[in-house]
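If you read the sequences in order, they're chains A and B.
Numbered by this note's numbering, the letters in the first sequence go through residues 5 to 63 in order.
Numbered by this note's numbering, the letters in the second sequence go through residues 5 to 180 in order.
One thing to keep in mind: the hints can contain errors.
[Unchecked claim] Under the rule of at most 27 Å between Cα atoms (straight-line distance), these lysine-lysine pairs were calculated in the BS3-like manner:
(1) B/K122 with B/K70
(2) A/K62 with B/K122
(3) B/K44 with A/K52
[Stated by the list, open to error] With the C-beta cut set under 8 Å, the calculated list includes, among others, these residues of chain A facing chain B:
(4) I29
(5) K52
(6) G53
(7) L57
Worth flagging that the hints you see were computed from the coordinates, not collected in a lab.
In this text, a Cβ means the ideal position worked out from N, Cα and C, and glycines have one as well.
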Amino acid sequence: MTKTRTKNSSGQFVAKRYDTKIGSIEKQYGVNLGVRSDTKLGNYLKDKGYSSLSEMLKP
Amino acid sequence: MSHFNYVGNSTLRNNLDIAFDHILTLIPFSESNDYGQLEKSSFRKTIIIYTASIIEALLFNRVNEKCTKDDWTSYKWELENIRELYKVDDQHKIIGGDYILKPSVLKLDKINLAIINKMLHDKKLVDDDLFERIDKVRLLRNDQHFGTHRVIKEYVKTDLEFVFSVAKEVTKLVQI
């Protein structure tokens, strides 16, 4: 795993969001998560049975 | 934008976002076919610990907002000025002294999820059902202390959805 957390240009921590692409997580951590890269994180969580967590994600 | 923008304390808000983000990172790992059941169970264990931390922090913030010094104070009887009146034997003495009801204010760094949950339940800020569910999260989280376990505990998806459902309820509660 990478040692640094995702930050924006002003150095602020950038949280993953509902529409974060699974592909970007795969790229960041160098793993294949076995789903389409353009799948949105929120939808991925719902599909996997984590509806509560998906609902906690901001759009 | 934070997932916890209703939290006024910026340090707490950032810590909540960082913990939540780590959970979101670990979920796909716990679902990936690249890992066996043992690794997935370990990912889930970490997710449970982080989720419980979020629940605990949000509820602690609630306690800070809603509870007064009286709520932080408990009373217990203490024996002072003890005098030995009669020695029955080496392991038994009859004593006298002052028995005083003394206040004890809880220290913030000693407060834990069990205490926070009870304080909010006592003040009717958490209902019976949520109280039980939060306590179940606490017990799941405390399973990390495996020194006394008699079997190897495997963490499953239903454990995760359970802790997430409690976290979701708690996030709603603290926004009221």
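Going through the hints against the structure:
With a CA separation close to 14 Å, the supplied pair B/K122 and B/K70 stays within the 27 Å bound. Restraint check for A/K62 and B/K122: not satisfied, since their Cα atoms lie roughly 30 Å apart, outside the 27 Å limit. Between B/K44 and A/K52 the CA atoms are separated by roughly 14 Å; this keeps the pair inside 27 Å, and the hint holds. Below 8 Å, beta-carbon pairs count as interface contacts, and A/I29 has one with chain B at about 6 Å; its hint therefore holds.
The beta carbon of A/K52 comes within 6 Å of a beta carbon in chain B, closer than 8 Å, and the hint placing it at the interface holds. The restraint placing A/G53 at the interface with chain B holds, with a minimum CB-CB distance near 6 Å, inside the 8 Å limit. With a cut of 8 Å, the hint placing A/L57 at the interface with chain B holds, because the nearest CB-to-CB distance is about 4 Å.
The structure fails to meet hint 2 from the earlier list, while all remaining hints are met.
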